[in-house]
Structure formats: C-alpha cells, structure tokens
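Kindly generate the complete structure, drawing on both the sequences and the hints.
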Amino acid sequence: MPAFTGLWPVLRTSLNTTFGLSAARYRYLIKRERVWEPLVILGSLGVLAAMFEVMMYQMASGLVTAGAQLGQPGVAFTFALLATLVLVFIFGLFMVFSVFYFSTDLPLLVPLPLRPGTIVLAKFGTILAGQYLGVVAVLAPTALAYARLAGGGPLYWLSVVLVLVLAPVLPLILASALALVLMRVINRRHRDLLMIIASLGIVAAVLAFQISIAQVPEDQVAEYLRQLLAGQIGLVNLVGRGFPPAVWATRAITEAGTLPGTGALAAFTAASVAGLGVLAALGERLFYGGLIGGQELARRRPASGEAVATARALALKGLRREEALRALYRREWRLFMRHPLYVMNGFMASVIVPVLFVFGLAVPRAELDMVTSWVPLGGDITYYATLAVAGLVAFLAGLNTTASTSVSREGRHLWISKVIPVEPWRMVQAKILFAAVSTLVSAAPVVAAYGVFLRPPAGFLAASALLGLLGSAVLLLLGLLVDMARPFLTWTNPQQAVKSNLNVVLQMPMAAALFVGASALSSWLRGGLGLGGPAALAVIGAVLAGLAAAAYRVTVSAAGRLYGRLEV
Amino acid sequence: MLSLRNVSKSYRKGEVKAVDDLTLEVPPGEIFGFLGPNGAGKTTTIKMVVGLLRPDTGTITVDGVDVARDPVKAKRRIGYCPDYPDLYEKLTGLEYLNFIGDVFGVPTETRRRIVGELLEMFSLQDALTDLIQTYSHGMKQKLAVIAAVMPDPALLILDEPMTGLDPKSSALFKDLMRRRCDAGKAVFFSTHILDVAERVCDRVGIINRGRLVAQGTMEELRAMARGQDTLERIFLELTEESEG
Numbered sequence: 000m001p002a003f004t005g006l007w008p009v010l011r012t013s014l015n016t017t018f019g020l021s022a023a024r025y026r027y028l029i030k031r032e033r034v035w036e037p038l039v040i041l042g043s044l045g046v047l048a049a050m051f052e053v054m055m056y057q058m059a060s061g062l063v064t065a066g067a068q069l070g071q072p073g074v075a076f077t078f079a080l081l082a083t084l085v086l087v088f089i090f091g092l093f094m095v096f097s098v099f100y101f102s103t104d105l106p107l108l109v110p111l112p113l114r115p116g117t118i119v120l121a122k123f124g125t126i127l128a129g130q131y132l133g134v135v136a137v138l139a140p141t142a143l144a145y146a147r148l149a150g151g152g153p154l155y156w157l158s159v160v161l162v163l164v165l166a167p168v169l170p171l172i173l174a175s176a177l178a179l180v181l182m183r184v185i186n187r188r189h190r191d192l193l194m195i196i197a198s199l200g201i202v203a204a205v206l207a208f209q210i211s212i213a214q215v216p217e218d219q220v221a222e223y224l225r226q227l228l229a230g231q232i233g234l235v236n237l238v239g240r241g242f243p244p245a246v247w248a249t250r251a252i253t254e255a256g257t258l259p260g261t262g263a264l265a266a267f268t269a270a271s272v273a274g275l276g277v278l279a280a281l282g283e284r285l286f287y288g289g290l291i292g293g294q295e296l297a298r299r300r301p302a303s304g305e306a307v308a309t310a311r312a313l314a315l316k317g318l319r320r321e322e323a324l325r326a327l328y329r330r331e332w333r334l335f336m337r338h339p340l341y342v343m344n345g346f347m348a349s350v351i352v353p354v355l356f357v358f359g360l361a362v363p364r365a366e367l368d369m370v371t372s373w374v375p376l377g378g379d380i381t382y383y384a385t386l387a388v389a390g391l392v393a394f395l396a397g398l399n400t401t402a403s404t405s406v407s408r409e410g411r412h413l414w415i416s417k418v419i420p421v422e423p424w425r426m427v428q429a430k431i432l433f434a435a436v437s438t439l440v441s442a443a444p445v446v447a448a449y450g451v452f453l454r455p456p457a458g459f460l461a462a463s464a465l466l467g468l469l470g471s472a473v474l475l476l477l478g479l480l481v482d483m484a485r486p487f488l489t490w491t492n493p494q495q496a497v498k499s500n501l502n503v504v505l506q507m508p509m510a511a512a513l514f515v516g517a518s519a520l521s522s523w524l525r526g527g528l529g530l531g532g533p534a535a536l537a538v539i540g541a542v543l544a545g546l547a548a549a550a551y552r553v554t555v556s557a558a559g560r561l562y563g564r565l566e567v
Numbered sequence: 000m001l002s003l004r005n006v007s008k009s010y011r012k013g014e015v016k017a018v019d020d021l022t023l024e025v026p027p028g029e030i031f032g033f034l035g036p037n038g039a040g041k042t043t044t045i046k047m048v049v050g051l052l053r054p055d056t057g058t059i060t061v062d063g064v065d066v067a068r069d070p071v072k073a074k075r076r077i078g079y080c081p082d083y084p085d086l087y088e089k090l091t092g093l094e095y096l097n098f099i100g101d102v103f104g105v106p107t108e109t110r111r112r113i114v115g116e117l118l119e120m121f122s123l124q125d126a127l128t129d130l131i132q133t134y135s136h137g138m139k140q141k142l143a144v145i146a147a148v149m150p151d152p153a154l155l156i157l158d159e160p161m162t163g164l165d166p167k168s169s170a171l172f173k174d175l176m177r178r179r180c181d182a183g184k185a186v187f188f189s190t191h192i193l194d195v196a197e198r199v200c201d202r203v204g205i206i207n208r209g210r211l212v213a214q215g216t217m218e219e220l221r222a223m224a225r226g227q228d229t230l231e232r233i234f235l236e237l238t239e240e241s242e243g
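Residue numbers (numbering that gives the first Met the number 0), protein chains in the order written: chain U, 0 to 567; chain R, 0 to 243.
Simulated from the structure, these hints should not be mistaken for laboratory data.
Once the Cα atoms are required to be at most 16 angstroms apart in a straight line, the calculated EDC-like pairs of lysine to aspartate or glutamate come out as:
no., chain 1, residue 1, chain 2, residue 2
1, R, K72, U, E422
2, U, K316, R, E94
3, R, K12, U, E32
4, U, K30, R, E14
5, R, K173, R, E159
6, R, K139, R, D129
7, R, K72, R, D62
8, R, K139, R, E94
9, R, K12, R, D55
10, R, K89, R, D129
11, U, K316, R, E116
12, U, K316, R, E108
13, R, K12, U, E566
14, R, K173, R, E29
Here the structure is a predicted model, which is why all the values come from computation and not from measurement.
Quick look at the structure:
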C-alpha cells in the first residue's frame, strides 16, 4: 500500500469543517452567542433518543428471549447487525456521492501534493464518523438486552465495542467502492440523473434482497428461527454467503473469550482493514478520473455561424414571461430536483419508506384476504388503521427535508432572493407549495396501498389522506418557520445543507409532539366522549386544520421580518 | 437617482466600522465610480444599497424610494451585479434570465430585445441553453450583467464589473453604460481599475476606512490632490492623506 502522508491533517480538517467544530467553538465558547440553543436541541433530542432506545431495547429483548428459547439468544445480534449494515450502506451510499464528489473543498485539496487515495480515505473517515450515532442507537440496546439475559463479562463488552467500531466500516467501503466505479464510468453529460437512477437501482436491489429473505409466514416464525439457528436455511446462510463478516461479528460477540469468538473477531478486523486497503487502491485508480470528468466543461459548441444564429434564435424564443409565484415555485423545484445530493439526502427517505410499505403489503392474495377478513370494515380497527396511515403520511413529511432546509439550501445564493423585488411572503408561499407537492409524492403510495390492500370504506380512506396531509402541513410549515429563523447558510458542501442541518432534526420533536397530541385527542374523543370513529376523525381533522391554518399564518407573516434579518 | 445620507455600518457589535457616516448623491444620467483600497467599505456600501445588509444608521433612497421602508419598490429600480456572481448552477442561463425577468415582471418583448443585444455583445448566444455549472467565471459574470440590465432598471449597481470580462466585452460594456446614462439612467460601480474609472466615470468617489475622503469630477479631484495628474496618483495622495 502506498504511503498516505497527509492523511491525518486532511481528515482532521475535513472532520472540523463537516461537523462545524471550530465554528461551534467560536460561536458558543468564544462569542457566547445563543448558548442556550445547543442545550435546548441536545435536551429535546436526548428525550427523543431515550424514547427510541427504550423501544429498541424492548424489541431486542423480545428477540433475545425468542432466540434463547431455542438455545441461541445471539440471533438478535445477527438481526441488529444486518439492520446496521443495510442502513449504513443505503444512507452511506448517498453521502459518499456527495462528500467524494461535491464537497466545495475539493478544488482546494486536489492541487495539494496529496495522493487521491489520501483524499478518499480522509473523506471516508469523515463519513464513517457520522455513522456512529446510528450504529450505537441500533446495536447498543441489543448488547444491553443480550448482556442482561445471557450475561456479559469484560471480554463480552470489549468485543461489543470493537464490533461497534468496525460495524459500519465494511458496508461503507462497499458503498464507496460502488460510488467510485459508478462515477468513473457513467456518462458525464447526464451524470446527475444517472447518479440518482444508479443509486436507486442499488438501493432497490438491496431492499429486494432484504424483503425476499424476510418473507416468513407468521405461523412459522418459531420453525424459521429454529432452522435459521441450526444453520439449515435462511438469514445466516444467506447473509453468510453474501456477506460473511456479519456472521463473524455475531460470533465475535456471542462467543467472546472463546477461541472461535476471537478468531471471528480477528477475521472481522482483518476484513475491515483489508477493505480499507482495497478502497485506498480503488481511490488511487478511479477517484480523480471520476472527479475531473464531472468538473470538465461539457457544453457543446456549435461550430458554424449558422449554428450560432440558430442557437440565438432558440434562446430568444425561450425567453417568455410567467407569473412571479410560478417562477419562484419552478426555481424551488428545479434547484432541488436537479441536485442529486438534495434528492438523495433530503427526499429519498420519504420515498423509500412508502415503497417499503407497499412491498410489505404486497403479500399473496390468499394471505391478504386472510388478513383483511378479520378487519371488520367500519369498526374500530378501520378507525385505528386510518389514524395509523395518516400518522405514517405525517411521519414521512417529518422525514422530508424540503421545507426544513428550504432557506438553508439557498446558502451563498441567498443574495439573489435578497435583491429581487419580491415580498418575502411570496417566496415563502413558493417554498410551501414545493414542500406540499413533494409531500404528495410520498403520501400517495401509502394511501393507495391502504385503499388497495385493506379496502376501507371510501370515507375512511379519504380521512386517512386528509388527516395525513393536514398533519404534514403543520410539520412542514413549522419546519420552514424554524429554517427561516435560524438558517444554516455557511455550508461548504450541499450535502451539509440537508444532512448536517439541525433544523431537520428539530422537526422530529415537533412530529413527536403532534403524534402524542393526536393520540391523546383520539383517546379522549373515543374513550372520554364516546364519539364514533367518523365523528372522532372529523374532530381530529378540524383540530389539525386549525393548527395548519395557524402555522401557515404565522409562517407567512413572519417571512418579512425573518428574511429582512438575514444579512449576506 | 441614488442618495445616501449619513449611512453607517459596523460589524462585530460595533468593533469594526465598515462604513462611517457616508453621504453621497448620484444624479440621473451619471456614471459614478466608487474607488477605495481593499477593505475600505465599497462592497459594504453597495450591499446596503441593494438590500443585502441593513445600515445601522442613515437613509438610502433610490429614485426617491427609501430602501428600508419600501424595499420591494426600491429593488424594482435597481439592477445589481455582484463582484463574484454565485448564480444557480443547476439552472440553464435561459432559465435564470427567465426567472429574473419574471420576478421583475419584464414583458416578453422587452427581454427578447435587451437580451438579444447583450447576447451578441458578450458572445453568449450558443451558451444560454447550457447549465450555468458549465460556464467559465467570465461567462457567469456576463450572464449576471445581462440579468442586471434586462429589467432596464433606473439604477445599475455593479461591484467590480470588469474583473471577469475580456477586453472586447469590457469595451462594449463601457459603451452600454454610457448609452444608459445618456437615456437618463444612472450607473454606480466600484472598481480597482483606476484607468477605467478615469475614462468612463462622470464623477468619482474615493472611500477609505469607511469614510468618503473625496468625490467629484476628475478636475475637482486634481485640484484636491494638489495638481496630481492621473487618478492613480490622486487616489494614492488622498488615501494616504486620510490615513495620515
């Protein structure tokens, strides 16, 4: 392997700029500006994280207990590791594209006397650092649950920590290698579009694989687990064939301190280190080719005077007037949808989840009929299913970052919005319109799947859509309001505008509050007042409509003041 | 056309005074050159005029409209081109011009007439349907100038407009500025290129450390600088004098 001198300075600087360490230190410790802000954010996120972790722990405990009844509590780790690997791979893939190929520090790094592999490894290290919060969130509850039921000594915990550190390395290497190869080979003229299509193809393939191995009839789960643990079929074999390190990691923890366990840990570590070597070598060969190919001018120049005249005539013909709001809306749409980083990091999650939902319901007709036969149409289950679907639609709006990064995404282009003769409230209307349309994209498959697969009465179906969209509207409007109040404009890489933007995270406590509020209201209406399902849905809808109207009014009326406060 | 009265702007909670009690007038039909060393306050002044920064004190009016009180009305009268135009890279040049035209309410025929003339002047005819991300720095600068001129504003504000332009485009652009002023409009631009200011401007203002140290025609400035003949010498004399 070639010597990668300069790796540490590049990695350190990349970590610093990506996570805004110096900027945060300057703001909060030296200038002491808005010191309350990180405390409030960390506090509210801490509460959410605690709720999530309790839920994860309960799931992990259930799985450990189920496995223990069959004599193999360690199966929980296989599931947790598999979930980690898939999540790191999918979300890592999108991040790799953005950090490897769209960081604004690349024009500074490339002319420096650094090997391409050094830059790739430093960027890789930066993405890796960002994965650990999620990895800990998934693996730690499983480790705790397992230790509580099966016992765990110092060697167990040492293995857990080592596996935790190494867990995201290999899936991220896989994602990086795919990105390096793709960027080197795809046509540069339509690179943005191809990048999205290729990424979606990869994600679809991984999800299809996941779904195919997870298709277990409910009445056969115990038998499935028994066979799985006995190594006769299923997950371990499939994963073992396709991705042996997941099995090594499981054994490293569950057999910690034994020779096979130590061997598995050594194999897992060696695979990760070897993977880094392969990545560095791929970086050396492919990185600059893909990077420079994307930055070269790709314009076609007509050669003759006649061709220039034709181009001029076409250009002038294309100049035609439109209404200002329509122009502002088109700007939002084009600037978001043409940027693969925004589409992949800010929008895909809210599209992938409904696709998963549809996949999940796409079971064979006979099984579906069996399920739907016990759903008494018009009864309580339909009521709660309607609420759940509405909640899912609103949850997806919570994942959608189109509104909560709307002003932040303007970044260094904000000067244009500041100098055009348009009232800020009109710009905000265009942003709301765009967020609403993008929400419809994610809501439609969920509501359609509800209608097709569970066949509720038309009124309940309409209620699920209406309540979901009203809840979405509340979340999107509040997200936009927060982003107007504290936009993150100093990003150096467009991916930071959506992935490192706290405003996105702040939308989550709002979503949690909305869900808790709606659930409490539902309980009171049904249990306290004894209202029927349709009446309760109507009241919840009216309350949500009131909230949405109030949020719209506040957001639009605050636009002038908040935009005016922004200085460029 | 442009009036600044006692305008001040500080950064870092008053620690750094970027513009200090600036007062100046640019009448219709005038090309006004705004000169000063790096960090003198030129860009801060321009940003306050176009609404990117808010002055701490003072008033700015454009064609009689107060920029702070009626910003949208004031902005309708201004065409602005920044020193480094960060344009929307994922739009084509045509889409960007249509966007600017739409928010300024420029009729289709007007935008075709003005853009048609400027495209030829800047040799951008065959580039307009390409994404801005494929443009060179100079092409972006030219597109930003076209976008600023297209609404046919009463006041054109240009921050270092010549830096990205090649000599031919630069010469044609100077003619354009003159024609606009002959039609009763005004141009306010900052520049480091003293030669351009000397040949193009009707009047020149020199700013140093946030304060306007001199303004007037070339003859008036020569008199102030004890008979120095070139603008470069006048500039050095006046800025050194203000520091001394």
